[in-house]
Amino acid sequence: MVASAETEEPVAQRQSGLTRVVKAIGLLRESPVGMIGAGIVLAWVIAAILAPVLAPFDPNATIMPFQRPGAVDPASGATFWLGTDKIGRDILSRIIYGGRRVLIYGPIATVAAYAVGIIMGLAAGYFRGWWDAVLSRVSDIVLSFPIFVLYVIVISTFGASGLNIVLAIIFASAPGIMRIVRGLTLDLRNRDYVAASQTRGESALYIMFVEILPNARGPLIVDACLRLGYVTITIGTLGFLGLGLPPPDPDWGGMVNESRALAPAFPHMIVYPCLAISSLVLGLNLLADGLREIAIRD
Amino acid sequence: MLIFLAKRLGYLLFTMVVVSMLVFLVLELDPSNVAQKVLGPYSNDEQRQLWMEANGYLEPLPIRYASWLGNFMIGDFGMSTRFKVPVVDILLPRLGNTGLLALGVLLVMVPLSLLLGVLAGMKEGSVQDRTISVFSIATTSIPEFASGVFLVAIFVLWLKLLPGVSNMIGGFDIAQMVLPVAALVLYGFGYITRMTRASMAEVMQTHYIRTAILKGVPHRQVILKHALRNALIAPFTVIMLQINWLLSGVIVIEYLFAYKGFGSLLLEAALNKDIFVIEACTMVAVLVAVGTQTLADIGYMYLNPRIRFS
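As they're listed, the protein sequences go chains A and B. When the count follows the working numbering, it moves up by one through the first sequence with no breaks and lands on 314 for the last residue. When the count follows the working numbering, it moves up by one through the second sequence with no breaks and lands on 343 for the last residue.
No lab work stands behind these hints: they were computed from the structure. Treat the hints loosely; a few may be bogus.
[As the list claims (entries may be wrong)] Below, a list of computed lysine to any residue pairs in the SDA-like style, where the Cα atoms sit at most 20 Å apart: (1) B:Lys-293 x A:Ala-277; (2) B:Lys-40 x A:Asp-156; (3) B:Lys-193 x A:Pro-280; (4) B:Lys-40 x A:Val-150; (5) B:Lys-306 x A:Pro-283; (6) B:Lys-156 x A:Arg-308; (7) B:Lys-306 x A:Asn-180; (8) B:Lys-193 x A:Gly-258; (9) B:Lys-70 x A:Arg-308; (10) B:Lys-193 x A:Pro-283; (11) B:Lys-156 x A:Ile-312; (12) A:Lys-102 x A:Ala-128; (13) B:Lys-306 x A:Pro-72; (14) B:Lys-40 x A:Ile-157; (15) B:Lys-40 x A:Arg-153; (16) B:Lys-40 x A:Pro-280; (17) B:Lys-306 x A:Thr-173; (18) B:Lys-40 x A:Gly-258; (19) B:Lys-306 x A:Gly-258; (20) B:Lys-293 x A:Arg-276; (21) B:Lys-306 x A:Ala-149; (22) B:Lys-70 x A:Lys-102; (23) B:Lys-306 x A:Ser-177; (24) B:Lys-156 x A:Asn-180; (25) B:Lys-70 x A:Thr-173; (26) A:Lys-102 x A:Ile-62; (27) B:Lys-293 x A:Leu-159; (28) B:Lys-306 x A:Ala-176; (29) B:Lys-306 x A:Ile-312; (30) B:Lys-70 x A:Ala-176; (31) B:Lys-258 x B:Leu-148; (32) A:Lys-39 x A:Val-238; (33) A:Lys-102 x B:Ala-186; (34) B:Lys-306 x A:Val-150; (35) B:Lys-193 x A:His-284; (36) A:Lys-39 x A:Ala-64; (37) B:Lys-193 x A:Phe-282; (38) B:Lys-193 x A:Val-170; (39) B:Lys-193 x A:Ser-172.
All of these numbers come straight from a predicted model, not from anything done at the bench.
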């Protein structure tokens with residue numbers, strides 16, 4: 017009896033988890049704003065996956081400089097739909113591949129920041145006492161930095177590489193996530209099911225990750241969506257400041273920075289990358305708003 | 034009350050000390066690195082050694098930190114390696130310029146976002162509410178550099194109404210302030226609007242508002258006299274905390290518009306490894322950020338009697 021109950025329990029949980037996801041997607045259809053957001057994000061994800069098929073040119077190849085949108089490449093007969101930049105690379109192809117880069121680094125940085133923030137938050141909220149005091153103080157101090165002041169110092173000191181940018185984002189974002197998780201944990205740790213598993217003699221790790229964390233996921237999913245948007249802004253802005261992902265691979269913020277001086281004569285060089293990043297972040301924020309609406313209604 | 038104030042000030046001091054340690058460790062842990070940054074990449078080992086000896090960089094780390102902190106307290110931030118003048122001489126005018134920019138932003142952003150927030154929160158779920166909410170999400174989704182680029186594309190390149198560079202070379206010019214202020218307001222007002230809306234919506238559901246409506250007080254008076262005063266407590270804190278965000282925003286916007294402010298100074302210093310300028314800028318930025326947080330806490334307590342003595 018006991019054995020069968022134990023084997024059945026996770027299966028039942030998984031099913032309810034799956035049905036909830038299906039239900040959430042169904043509910044999202046009731047929020048037009050959320051649907052628009054999901055559509056924009058999905059379009060960028062598809063563009064990033066299909067980049068080699070969709071991009072008309074090699075994003076790093078020098079073809080013809082200073083072409084305006086709609087000009088035709090005489091060699092291949094293909095059109096530069098969004099023009100070319102000062103060293104003759106096709107802007108549309110660079111935007112598509114730039115989306116790929118942002119959609120790789122953004123989620124990696126966000127997920128890693130969440131991993132750190134969740135562990136810190138669970139520890140602070142569940143153990144309280146010293147853990148809480150130390151972790152909260154550390155978070156307060158990191159959060160008291162104006163965030164880009166922090167990024168500028170850290171990245172200019174340690175160098176602009178993909179890894180350093182991800183590490184800087186983890187360092188700056190984990191404290192904020194920790195605060196949210198801590199708050200949720202402080203509330204959830206007093207529930208009956210936590211007391212039940214404590215009585216059963218489950219380990220602290222089991223209670224934190226199996227009992228508390230899954231029940232805190234609602235607010236965390238909404239926050240993750242917003243935070244992914246903010247991380248996208250961060251990566252773009254660092255690129256714009258000349259502290260971003262290293263060239264020559266395309267980076268939306270970096271594209272704006274490279275062509276800034278030429279903007280009066282060739283506005284297309286800076287306007288399209290800005291539209292690209294703004295639309296992706298808008299999609300993520302609208303999706304988060306739709307998810308929040310559903311969460312409130314539930 | 035006094036205990037609370039002392040606690041807040043003690044916390045401010047504690048944060049500043051920890052931050053100063055972090056800044057010192059990140060930038061000055063390795064003295065030969067400092068010597069290289071000060072003397073330039075073409076200096077040789079002997080020159081660096083002499084410089085380190087002359088400037089006390091051969092002392093152990095805690096002593097170096099203590100003397101560095103001591104100099105900092107009396108306003109001696111060292112010399113800028115790039116401009117060859119004391120850091121204070123560059124920092125102060127730059128801070129003044131950024132203060133002016135920030136003042137402009139707050140003067141436009143605060144009334145605008147409070148008004149929109151109250152309008153949206155008055156009737157939760159109405160068309161007016163949804164429109165304002167989606168609009169504020171949209172503007173918050175556009176990074177500062179992108180909204181700056183869009184504004185430049187529209188008002189400078191297309192309509193040719195405003196200057197696209199704000200370096201104030203020919204003296205102060207109000208026209209050059211318009212676009213930097215507008216770009217920062219566009220990105221920042223959405224957050225305050227949403228917070229005001231949430232606070233207003235909450236107040237509108239309280240019993241005393243319902244009582245006021247039911248006893249026939251005119252709608253206008255309910256909003257202005259009963260709701261507004263309580264709804265504006267939360268946004269006050271949010272506005273103070275926006276100063277922290279503004280310190281980030283000015284880096285981007287001052288760089289974009291070549292505005293000679295604090296943010297562009299920090300970025301320039303970071304890109305050129307102008308180490309003492311970086312240190313001074315960081316400490317000032319954190320002092321301003323933590324200082325406004327402290328003021329926000331004190332102000333919140335002053336405004337909200339319910340938490341004053343708890």
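Against the structure, the hints:
1. B:Lys-293 x A:Ala-277: At roughly 18 Å apart (the allowed maximum being 20 Å), A:Ala-277 and B:Lys-293 satisfy the hint.
2. B:Lys-40 x A:Asp-156: 15 Å, holds
3. B:Lys-193 x A:Pro-280: 11 Å, holds
4. B:Lys-40 x A:Val-150: Holds, at about 17 Å.
5. B:Lys-306 x A:Pro-283: 32 Å, violated
6. B:Lys-156 x A:Arg-308: Holds, at about 19 Å.
7. B:Lys-306 x A:Asn-180: The hint holds at about 17 Å.
8. B:Lys-193 x A:Gly-258: 28 Å, violated
9. B:Lys-70 x A:Arg-308: 49 Å, violated
10. B:Lys-193 x A:Pro-283: 13 Å, holds
11. B:Lys-156 x A:Ile-312: Given that 20 Å is the threshold and the Cα spacing comes to 17 Å, the pair holds.
12. A:Lys-102 x A:Ala-128: Measuring from Cα to Cα gives roughly 36 Å; hence the hint is violated.
13. B:Lys-306 x A:Pro-72: 40 Å, violated
14. B:Lys-40 x A:Ile-157: 16 Å, holds
15. B:Lys-40 x A:Arg-153: 14 Å, holds
16. B:Lys-40 x A:Pro-280: With a Cα-Cα distance of about 53 Å, the restraint between B:Lys-40 and A:Pro-280 is violated, given a limit of 20 Å.
17. B:Lys-306 x A:Thr-173: Roughly 8 Å between the alpha carbons, so the hint for B:Lys-306 and A:Thr-173 holds.
18. B:Lys-40 x A:Gly-258: Violated, because 41 Å separates the two Cα atoms, which is more than 20 Å.
19. B:Lys-306 x A:Gly-258: The hint holds at about 14 Å.
20. B:Lys-293 x A:Arg-276: The given pair, whose Cα atoms are some 18 Å apart, holds under the 20 Å limit.
21. B:Lys-306 x A:Ala-149: Roughly 36 Å separates the two Cα atoms, so the pair is violated.
22. B:Lys-70 x A:Lys-102: 33 Å, violated
23. B:Lys-306 x A:Ser-177: Holds, at about 17 Å.
24. B:Lys-156 x A:Asn-180: Outside the cut-off at roughly 46 Å; violated.
25. B:Lys-70 x A:Thr-173: It holds: about 11 Å lies between the C-alpha atoms, which stays within 20 Å.
26. A:Lys-102 x A:Ile-62: Not OK: A:Lys-102 and A:Ile-62 at ~28 Å, beyond 20 Å, violated.
27. B:Lys-293 x A:Leu-159: Judged against 20 Å, a Cα distance of about 27 Å means the pair is violated.
28. B:Lys-306 x A:Ala-176: 14 Å, holds
29. B:Lys-306 x A:Ile-312: Since the Cα atoms of B:Lys-306 and A:Ile-312 sit roughly 49 Å apart, the hinted pair is violated (cutoff 20 Å).
30. B:Lys-70 x A:Ala-176: The hint holds at about 18 Å.
31. B:Lys-258 x B:Leu-148: 15 Å, holds
32. A:Lys-39 x A:Val-238: It holds: about 16 Å lies between the C-alpha atoms, which stays within 20 Å.
33. A:Lys-102 x B:Ala-186: Distance ~18 Å between A:Lys-102 and B:Ala-186 Cα, so the pair holds.
34. B:Lys-306 x A:Val-150: 33 Å, violated
35. B:Lys-193 x A:His-284: Holds: B:Lys-193 and A:His-284 sit about 17 Å apart, inside 20 Å.
36. A:Lys-39 x A:Ala-64: The given pair, whose Cα atoms are some 27 Å apart, is violated under the 20 Å limit.
37. B:Lys-193 x A:Phe-282: At roughly 15 Å apart (the allowed maximum being 20 Å), A:Phe-282 and B:Lys-193 satisfy the hint.
38. B:Lys-193 x A:Val-170: 39 Å, violated
39. B:Lys-193 x A:Ser-172: 36 Å, violated
Comparing the model with each numbered hint stated earlier shows that hints 5, 8, 9, 12, 13, 16, 18, 21, 22, 24, 26, 27, 29, 34, 36, 38, 39 do not hold.
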